[in-house]
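Q: Below, each chain spelled out in residue letters.
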Amino acid sequence: MKILVMIKQVPDTATQVKIGPDGKAIDTAGITWIVSPYDEYALEEGLRIKEKRGQGEVVAVALGPDRVKEALRSCLAMGADRAIHLNDPAWERADTLMTARALAAAIKQEAPALALFGRQAIDDDMGAVGAAVAELLGWPCASWIMEESVDEAGKAIRVGRQVEGGLELFDLPLPAVVSAQKGLNEPRYPTLKGIMGAKKKEIKDVKAADLGLTAEAPALSVIKLETLPPRPPGRIIQGEAADAAKELVRALREDAKAI
Amino acid sequence: MNVELTDEQKMIQAVARDFAEKEVRPIAEVIDREARFPRETVRRMGELGLMGIAVAEAWGGSGGDTVGYAVALEEVSRACASHGAIMSVNNSLYCDPIAKFGSEEQRRRFLTPFAAGHKLGCFSLTEPEAGSDATNQSTLARRDGDAYVLDGRKIFVTNGREAAAALVFAQTDRAKGPRGISAFLVEKGTPGFTVVKTEDKLGIRASDTAEFLFEGCRVPASARLGEEGQGFKIAMMAIDGGRIGVAAQAVGIAAAAYEAALGYARERKSFGVPIGRHQMVQWMLADMATAIEAARLLTLRAASLKDGAEPFGPQAAMAKLFASEMAMRVTTDAVQVHGGYGFIKEYQVERHFRDAKITQIYEGTSQIQKLVIARHLLSGAAAGS
Amino acid sequence: MAGSFWCLVEDDRQGNPKKVMAEVLGEAGRLASQAGGQAEAVWLTDKATEAGIKQLGEWGAKRVLLLENPAFAPYRGEVWAPVLAELCLKESPQAFFGAVTARQREAMARLAARLGAGLSADSTALALEDGTLVATRPVYAGKLLSKMTWAKMPWLATLRPNVFKPADSQQGAVAPVEKPAVTLPAAVMSLVERREDSSTGLPELAEAEIIVSGGRGLKGPENFAILESLAKAIGAAVGASRAAVDAGWRPHRFQIGQTGRTVSPKLYLGFGISGAIQHLAGMRTSKVICAINKDPEAPIFKIADYGIVGDLFEVAPLLEQEFKKLLEK
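Chains as they are written, first to last, in the numbering used here: chain E, 1 to 259; chain D, 1 to 385; chain Y, 1 to 329.
Careful, some of the hints might be misleading.
Unchecked claim - Computed list of lysine-lysine pairs in DSS-like fashion (alpha-carbon distance at most 30 angstroms, straight line):
| hint | chain 1 | residue 1 | chain 2 | residue 2 |
| --- | --- | --- | --- | --- |
| 1 | E | 69 | E | 18 |
| 2 | Y | 219 | E | 246 |
| 3 | Y | 18 | D | 22 |
| 4 | D | 10 | Y | 302 |
| 5 | E | 193 | D | 188 |
| 6 | D | 345 | Y | 219 |
| 7 | Y | 266 | E | 246 |
| 8 | Y | 179 | Y | 19 |
| 9 | D | 269 | Y | 19 |
| 10 | D | 10 | E | 69 |
| 11 | E | 257 | Y | 329 |
| 12 | Y | 294 | D | 269 |
| 13 | Y | 287 | E | 224 |
| 14 | Y | 47 | E | 257 |
| 15 | E | 257 | Y | 18 |
| 16 | Y | 287 | E | 257 |
| 17 | D | 10 | E | 204 |
| 18 | Y | 302 | E | 246 |
| 19 | D | 269 | Y | 165 |
| 20 | D | 22 | D | 176 |
| 21 | E | 24 | Y | 302 |
| 22 | Y | 179 | Y | 143 |
| 23 | D | 100 | E | 193 |
Said to hold, decoys possible - Estimated spans, in silico, between C-beta atoms of each pair:
| hint | chain 1 | residue 1 | chain 2 | residue 2 | range |
| --- | --- | --- | --- | --- | --- |
| 24 | E | 224 | Y | 186 | 39 to 47 angstroms |
| 25 | Y | 184 | E | 204 | 37 to 45 angstroms |
| 26 | Y | 187 | E | 109 | 49 to 57 angstroms |
As the list claims (entries may be wrong) - To give a feel for the contact side, a few chain E residues facing chain D, derived at Cβ under 8 angstroms:
| hint | residue |
| --- | --- |
| 27 | 33 |
| 28 | 53 |
| 29 | 70 |
| 30 | 192 |
| 31 | 193 |
| 32 | 195 |
| 33 | 196 |
Quick caveat, the hints were computed from the structure, so don't treat them as lab data. Glycine residues also receive a C-beta, built at the ideal position from the N, C-alpha and C atoms.
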């Protein structure tokens with residue numbers, strides 16, 4: 001069973017982000033990059049499906065500039081068999097739709113049984129690419145999955161989809177798209193052997209033309225990035241606990257009108 | 001000159017840091033207090049490939065190098081120096097010499113499961129009367145047909161109680177002095193081989209430090225590592241590599257203490273400002289950071305010489321000497337920055353301070369390192385360096 | 001029709017629109033009045049009620065497009081997206097808004113791909129600038145705001161709950177109901193089972209107006225009872241930090257932060273939460289933030305409107321008493 005796992009390289013949460021000179025993108029100098037955490041859940045689940053079945057192939061796919069190879073290599077170190085890097089200036093300003101079109105085209109070429117995504121990437125938090133890819137491919141899709149099992153024949157997947165107030169269990173015929181929610185699994189660390197072996201695995205470079213795509217105008221574009229408006233300075237309420245509690249409740253009612 | 005880590009080394013560092021932060025640091029305080037050997041996390045280190053980093057994959061190792069080993073060991077030691085000691089002994093003092101001197105059969109039996117982390121190894125050289133003067137071995141290995149019979153007492157064996165096998169040094173020909181020493185691979189459970197005690201220590205309290213007694217312990221001749229009389233050379237080679245490990249461990253301990261001091265200096269207020277605003281504290285922090293960086297570079301330099309198959313013994317000794325002295329100073333200063341709080345067990349610098357001490361002692365005291373370095377300088381081999 | 005600002009109805013599966021729809025309809029109505037258009041509701045459901053339809057009208061929907069069919073429940077993307085797209089192609093709405101809920105996030109993403117249109121997910125502000133919609137979205141763990149715009153209509157967006165001003169209820173306003181004929185695609189996914197979360201008796205986290213949240217400072221799962229008791233007194237939901245969830249003290253669905261839920265209540269009370277960036281990402285758009293922590297250096301105090309440096313085990317019960325006194329008045 002072939003499984004494609006779509007990953008995105010994003011700035012580490014703890015990294016300071018600064019707005020770049022054009023005002024529309026961040027300044028990437030000095031940023032620590034990581035694989036988006038939800039994508040790690042997706043990769044881990046892909047590896048577990050393969051391990052449970054005792055055969056199959058897990059392919060990590062990412063779109064982005066050269067630096068993205070580092071993220072793909074860490075997926076290879078975790079256990080992915082090979083990687084595909086969608087790397088072309090045509091995708092420099094890719095929005096959700098353009099990204100989804102590129103990934104859908106790559107998935108179509110690879111024809112996997114399962115396309116795994118993270119619930120959302122923690123840079124732009126759009127959380128739309130997986131579902132968009134499913135739509136473009138005409139595949140069923142379950143987002144925010146908390147559990148899954150693939151049937152023995154490899155023809156269907158049962159997933160638990162998180163919704164407000166509960167979990168919905170669905171059967172999806174394969175091929176299908178699913179997106180991983182936190183709680184699905186605990187991603188493994190790459191082993192040192194995996195790290196050393198990663199450089200022997202293939203990372204295939206794919207250009208837009210290889211997928212029959214050309215540059216297109218984004219459907220949604222950034223006008224500008226802004227820093228947060230400063231929050232008014234807070235007030236530390238001093239005094240004994242009982243007095244402080246009384247004063248806080250008063251302030252919430254009378255000053256902030258929050259209750 | 002390239003002082004950048006390779007992509008693989010960076011990834012090894014990141015994995016070791018992540019693992020150490022999430023799984024080792026949370027237990028470091030309690031295992032230190034209880035002097036409890038951390039079996040579960042040691043098993044996890046094996047799974048991750050941290051127990052045989054520079055050993056070839058074919059022999060159960062990770063196929064990495066000494067630089068990768070040094071950066072990983074620093075990260076693990078930063079979280080817990082006891083884990084660092086356990087890891088360092090298995091990698092440098094046990095696996096490394098067997099990889100180099102072992103026969104096919106010895107590697108299969110005594111290397112593969114140990115490099116893979118399924119079993120733990122130890123290195124048994126020191127005796128009550130043979131510490132810094134390690135040539136003064138009184139443990140005897142008497143040839144008896146197709147076997148050797150070991151008699152003697154070994155002390156301060158790191159991993160000694162937990163290990164499944166020991167690399168043991170003994171005299172096969174007392175008349176030859178150092179050239180009469182041979183190395184043996186002895187499995188636990190071999191009749192006549194007993195662990196008689198475990199030490200209660202000042203630092204690295206969660207590591208296991210044991211005393212061995214050999215009484216008519218019979219091992220087959222095939223258990224001898226290398227040639228008869230080659231033992232001291234094997235021991236010295238292993239310890240040369242081990243010093244890189246101790247240096248990395250010292251850097252890790254110092255880095256942990258420094259980070260704690262830095263955090264404390266930002267938060268703790270005196271005279272109305274965080275103490276980090278006081279110049280005397282700033283000086284201490286600046287000195288700490290500089291010394292750590294210097295020690296780290298010396299350590300990586302020695303490791304990269306070893307990886308390049310170049311002579312590295314003197315550089316390993318320099319790294320070990322400098323890093324361990326540095327660690328003692330930095331942890332002392334870190335306690336000082338904490339003031340009275342640094343002296344109590346609730347703050348981790350107290351542990352770092354105790355843990356740092358051993359790095360000046362084992363695998364050759366600081367005084368022995370100076371001898372090694374000086375001997376090298378005066379031999380003329382250092383000309384031009 | 002051009003000038004229509006559509007709102008996809010999120011319902012409670014009992015035939016009533018959820019409270020968040022007052023916010024979506026309110027915002028759509030506000031923008032539509034500036035654009036010379038009107039807010040309209042699009043409701044795909046297996047069950048609508050009269051009361052529910054009436055509610056949509058009172059929240060400002062000038063028209064309700066009702067598609068009532070068992071095939072719409074449970075939500076399945078392959079059924080919803082083609083139907084929504086067909087409606088859009090037929091009626092060419094100017095904008096189409098949804099709420100940030102599990103199913104609407106997915107449905108709108110599929111619709112956007114089908115239409116080749118842009119989608120601004122999890123928007124926290126919308127404005128018309130020179131006749132074009134501009135959305136504001138928090139990005140990079142909420143450290144920056146991104147202003148975005150669309151290349152063409154319909155402008156698709158999902159709106160973060162509790163951020164937009166809810167519509168004032170207009171008593172007696174009635175929205176005409178239309179039931180457009182659409183082609184119903186066959187479902188591919190099949191529901192096996194729905195497992196309801198055990199009820200806490202407290203409001204749903206994403207929609208709660210007040211949230212009481214606990215972190216590592218609670219020291220153990222049993223101490224969440226202290227927060228639950230306080231929450232009951234003031235009608236709040238109870239959340240948790242990642243540290244508390246990763247320690248196994250609370251299930252993941254209660255986690256607030258980057259790898260949990262994003263919330264935006266009127267009042268957020270954090271107990272024993274240090275305020276790591278990843279936690280702030282999930283709650284910094286809260287209107288009033290209070291922090292109770294014994295560490296005066298905890299980063300949460302930097303964004304808190306009110307703070308008490310103290311022992312939460314002492315302060316929380318005192319706050320509960322004070323709130324009770326206030327609410328009894």
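Q: Which of the numbered hints above does this structure break?
A: 3, 4, 9, 14, 19, 20, 22, 26, 27 and 28
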